[in-house]
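> Residue numbers (the working numbering), protein chains in the order written: chain A, 1 to 455; chain B, 456 to 910.
Please keep in mind that the hints were generated in silico from the structure rather than gathered at the bench. The model shown is predicted, which means the values in this text are computed figures rather than measured ones. Incorrect hints may have been included.
[Unchecked claim] No farther apart than 30 Å at their CA atoms in a straight line, the calculated lysine-lysine pairs in the DSS-like style are these: (1) A:K446 / A:K386; (2) B:K901 / B:K841; (3) A:K17 / B:K472; (4) B:K472 / A:K446; (5) A:K386 / B:K472; (6) A:K17 / B:K841.
[Stated by the list, open to error] Listed below are several chain A residues computed to face chain B (Cβ distance under 7 Å; list not exhaustive): (7) F127; (8) V168; (9) D426.
[Unchecked claim] If you want the ones that stay clear, here's a sample from chain B, every Cβ over 10 Å from chain A, calculated: (10) S468; (11) S476; (12) D507; (13) A534; (14) G549; (15) Y557; (16) I576; (17) E579; (18) S635; (19) H730; (20) E734; (21) P753; (22) K859; (23) S883; (24) P887; (25) W892.
Cβ atoms here follow ideal geometry from the backbone N, Cα and C, with glycine treated the same way.
Protein chains: 2
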Amino acid sequence: MVGGDAAGMSAASQARKRLGSGELEIVAFERGHFTSYSACGIPYWIGGAVKDRDALIARGPQEFRDAGITVHIRHEVVAIDLDAREVVARDLDGGGERREGYDHLVYAAGATPVTPEWARIDGEGVFGVQTLDDGTAIHAWLDRDPPPRRAVVIGGGYVGVEMAEAMVRRGLAVTLLEKSPQPMSTVDPDMGERVREAICGLGIEVRTGAHVQSLETTDGRISAVVTAQGTLPADIVVLGLGVRPNTGLAVRSGIPVGVTGGLRTDLRMRVVGPHGPLEGIWAAGDCVQTVHRVSGQPVHIPLGTHANKQGRVAGINIGGGYATFPGVIGTGVTKVCELEVARTGLTEREAEAAGFAFVTAAVESTSRAGYYPGASTMVVKLIAEKRTGMLLGAQIVGREEAAKRIDALAIALWNRMTVEEMTALDLSYAPPFSPVWDPVLIAARKATDAVHAAG
Amino acid sequence: MVGGDAAGMSAASQARKRLGSGELEIVAFERGHFTSYSACGIPYWIGGAVKDRDALIARGPQEFRDAGITVHIRHEVVAIDLDAREVVARDLDGGGERREGYDHLVYAAGATPVTPEWARIDGEGVFGVQTLDDGTAIHAWLDRDPPPRRAVVIGGGYVGVEMAEAMVRRGLAVTLLEKSPQPMSTVDPDMGERVREAICGLGIEVRTGAHVQSLETTDGRISAVVTAQGTLPADIVVLGLGVRPNTGLAVRSGIPVGVTGGLRTDLRMRVVGPHGPLEGIWAAGDCVQTVHRVSGQPVHIPLGTHANKQGRVAGINIGGGYATFPGVIGTGVTKVCELEVARTGLTEREAEAAGFAFVTAAVESTSRAGYYPGASTMVVKLIAEKRTGMLLGAQIVGREEAAKRIDALAIALWNRMTVEEMTALDLSYAPPFSPVWDPVLIAARKATDAVHAAG
Numbered sequence: 001m002v003g004g005d006a007a008g009m010s011a012a013s014q015a016r017k018r019l020g021s022g023e024l025e026i027v028a029f030e031r032g033h034f035t036s037y038s039a040c041g042i043p044y045w046i047g048g049a050v051k052d053r054d055a056l057i058a059r060g061p062q063e064f065r066d067a068g069i070t071v072h073i074r075h076e077v078v079a080i081d082l083d084a085r086e087v088v089a090r091d092l093d094g095g096g097e098r099r100e101g102y103d104h105l106v107y108a109a110g111a112t113p114v115t116p117e118w119a120r121i122d123g124e125g126v127f128g129v130q131t132l133d134d135g136t137a138i139h140a141w142l143d144r145d146p147p148p149r150r151a152v153v154i155g156g157g158y159v160g161v162e163m164a165e166a167m168v169r170r171g172l173a174v175t176l177l178e179k180s181p182q183p184m185s186t187v188d189p190d191m192g193e194r195v196r197e198a199i200c201g202l203g204i205e206v207r208t209g210a211h212v213q214s215l216e217t218t219d220g221r222i223s224a225v226v227t228a229q230g231t232l233p234a235d236i237v238v239l240g241l242g243v244r245p246n247t248g249l250a251v252r253s254g255i256p257v258g259v260t261g262g263l264r265t266d267l268r269m270r271v272v273g274p275h276g277p278l279e280g281i282w283a284a285g286d287c288v289q290t291v292h293r294v295s296g297q298p299v300h301i302p303l304g305t306h307a308n309k310q311g312r313v314a315g316i317n318i319g320g321g322y323a324t325f326p327g328v329i330g331t332g333v334t335k336v337c338e339l340e341v342a343r344t345g346l347t348e349r350e351a352e353a354a355g356f357a358f359v360t361a362a363v364e365s366t367s368r369a370g371y372y373p374g375a376s377t378m379v380v381k382l383i384a385e386k387r388t389g390m391l392l393g394a395q396i397v398g399r400e401e402a403a404k405r406i407d408a409l410a411i412a413l414w415n416r417m418t419v420e421e422m423t424a425l426d427l428s429y430a431p432p433f434s435p436v437w438d439p440v441l442i443a444a445r446k447a448t449d450a451v452h453a454a455g
Numbered sequence: 456m457v458g459g460d461a462a463g464m465s466a467a468s469q470a471r472k473r474l475g476s477g478e479l480e481i482v483a484f485e486r487g488h489f490t491s492y493s494a495c496g497i498p499y500w501i502g503g504a505v506k507d508r509d510a511l512i513a514r515g516p517q518e519f520r521d522a523g524i525t526v527h528i529r530h531e532v533v534a535i536d537l538d539a540r541e542v543v544a545r546d547l548d549g550g551g552e553r554r555e556g557y558d559h560l561v562y563a564a565g566a567t568p569v570t571p572e573w574a575r576i577d578g579e580g581v582f583g584v585q586t587l588d589d590g591t592a593i594h595a596w597l598d599r600d601p602p603p604r605r606a607v608v609i610g611g612g613y614v615g616v617e618m619a620e621a622m623v624r625r626g627l628a629v630t631l632l633e634k635s636p637q638p639m640s641t642v643d644p645d646m647g648e649r650v651r652e653a654i655c656g657l658g659i660e661v662r663t664g665a666h667v668q669s670l671e672t673t674d675g676r677i678s679a680v681v682t683a684q685g686t687l688p689a690d691i692v693v694l695g696l697g698v699r700p701n702t703g704l705a706v707r708s709g710i711p712v713g714v715t716g717g718l719r720t721d722l723r724m725r726v727v728g729p730h731g732p733l734e735g736i737w738a739a740g741d742c743v744q745t746v747h748r749v750s751g752q753p754v755h756i757p758l759g760t761h762a763n764k765q766g767r768v769a770g771i772n773i774g775g776g777y778a779t780f781p782g783v784i785g786t787g788v789t790k791v792c793e794l795e796v797a798r799t800g801l802t803e804r805e806a807e808a809a810g811f812a813f814v815t816a817a818v819e820s821t822s823r824a825g826y827y828p829g830a831s832t833m834v835v836k837l838i839a840e841k842r843t844g845m846l847l848g849a850q851i852v853g854r855e856e857a858a859k860r861i862d863a864l865a866i867a868l869w870n871r872m873t874v875e876e877m878t879a880l881d882l883s884y885a886p887p888f889s890p891v892w893d894p895v896l897i898a899a900r901k902a903t904d905a906v907h908a909a910g
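Okay, chain A solo, but in the shape it has when bound (with noise of 0.2 Å):
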């Protein structure tokens, strides 16, 4: 296992509880001090939502070394000779480094932040937020005497929202920067325009349209980020950019990545060169390329979710059983302070951009019966194809009980279902949980309407 995360580790326990020691020997490499822990969650734990880091670790080196696999933390497999069938790991702290012959390869190196040129500065305080090494570092950063007052998040996605208001639970002024003219670009700008307001309502200032040029730095640590539209002071800085699949190593030797930078794959999570399969090769994580099930297009969709299944299909084959994964549809889900944000499928510009026609309703409906205490706005929008009516994507906003409705929207954009198709669907009615008319169904009937307008 070349890396020690959600997908190295799962294919590690899912090929060891299939064959046993004697049958499979297992050596996991992690660059890193900690294997299988939830990188998502690492915003709480700065926010102190989550007060304590090991609560994010769901399994140790040593439950993993309990269970007849051998893990080296700190290791960083620095070369694969794949003719030799062996790879070479340098011991970070102590120095030395090991070889070690394998039939199967498993590259599960994950992926690293975005870092512009303009980020790559030699002096303090300067964070991605990628491994629970990163988010050590910012802990300890914070937790300095005198604490930094003043937080700059570059990016508004998911991770520079959620970073932005875990800074300022920690009482920073925190000001977010984004090049778009939206925050979370992951949905559309209708819906976008809301996550702005959530943001803006924590206290947090948005700056969009920005474009940083450099950050500068006095004694050594950060002092101010400079960008086309005049400089802001900042004690700390965070880069949510974005990650890239970490493929160099793979690269390097030999291993071909695919067009978006990550490593292709079969459906078993065999590595797939231009020949072909690779024998004994597989990939699994934030370093791979899938396929996006609605466009057909190949996607770079860095989410632990996507990793712990792609583990668990490499570890099942590389076991002797048979599982496959069949690519995304691109679900996703946050929360901003009380608003809940999630999308399945394309948005309207990657719907363009995968040469669909279609058409959208939208619809504000509420989460329980408009009767019943505590009933909350939420806005369903849905994407369909031109004439066959088909889901081609879906977004809500929402409050309490909102976004995880998203996963009735993508099961049934997983099945290809036309809105009109859904209008019929017998989704669960009481008062406590929703209108008569869900607000599923009710989006379902206006994007019919709609689809039936355009001929």
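On the provided structure of chain A, position chain B as indicated by the hints.
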């Protein structure tokens, strides 16, 4: 429209949307005082969560009249002449009768609470919970001076449990009688047991295996419920024994009913007789039977959500459009105190009755990432066909954010997914919303293992 509640008035509204007053005259007869109200909301109004009866009314008679629909409340249709194509309606207050011809008849007479022989007493204080008039009568009875102190609810289904909770909230001492070994027999016994605990936690005395023999009155008022297991004093009795399709008038008029006692319709909600659809005769709502898409059997599942959909479909077709109602899959949800209970598809008992060989898998997981504040336990149970692994049914019991997840399972089931296919579903994940393996996915994995193990 024979009946002016959800089904009838949905049909009226949809037909009116498509045809103007010059093209179609619409007349609705409603026996009660109200149109288009939420019968499902009655327990919450009785219990005080909903303050005002009018909040339960979606649209009153005058609103329909303003929309060009003639509404006669307190008018009961007492005869339908299929040959002459006219109905006779009796004015329940004024006492006269009026005849009304029709081109299209919509039979939407709803359902009536099951009332065994022993419940038909000559005395006050025994109530069904079907119409808003029933709710009004219960409210008035509870507001008497001195107020009733002891309530007995007979029947432990949705309505019985919701009414028992409502009366606890009103300060009454409540006993719930159920003849089965568990309350909420709409879910499997293992899930129903959790419901029993929640009900008892509210201070409700639950007596299962109870056989009611008679009701006793004193001075013309209910005073006790006599069961084979003893006599219970009672100042109010609520019947939650289910409902029967209200088809007496249809049968008297020569409109046939199906095996469940409800009217049979085709996909467009035209009433079907022994020789095919009856021209211009439509039916919708609690008085019709429909098809269960999993078992393929005719079922009578009276729910507001079906009534609204069926009425809408009838109205679109009457208005010259095209719409179909393709059946149901038995989705249902309720809340007992903080406990949420949901189901879709078939229970074990129903699957057996339908002739399926099946496996089951139940998993306990959490509503959020385990480390995220507020995570609470939920149980997801799946029933899958042996060999094919096709999902046949699902049940969820949990606390906040649990029950509405049944919709995702309902849509998977609607699309005839196998539990193995479901393990790959791209469901939403972020720590405030689910563990990285959503409870639905964990259940699908366990069910897949069960299918494989069963061979």
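> Looking back at the hints listed earlier, which ones does the structure fail to meet?
3, 7, 8, 12, 22, 23, 24 and 25
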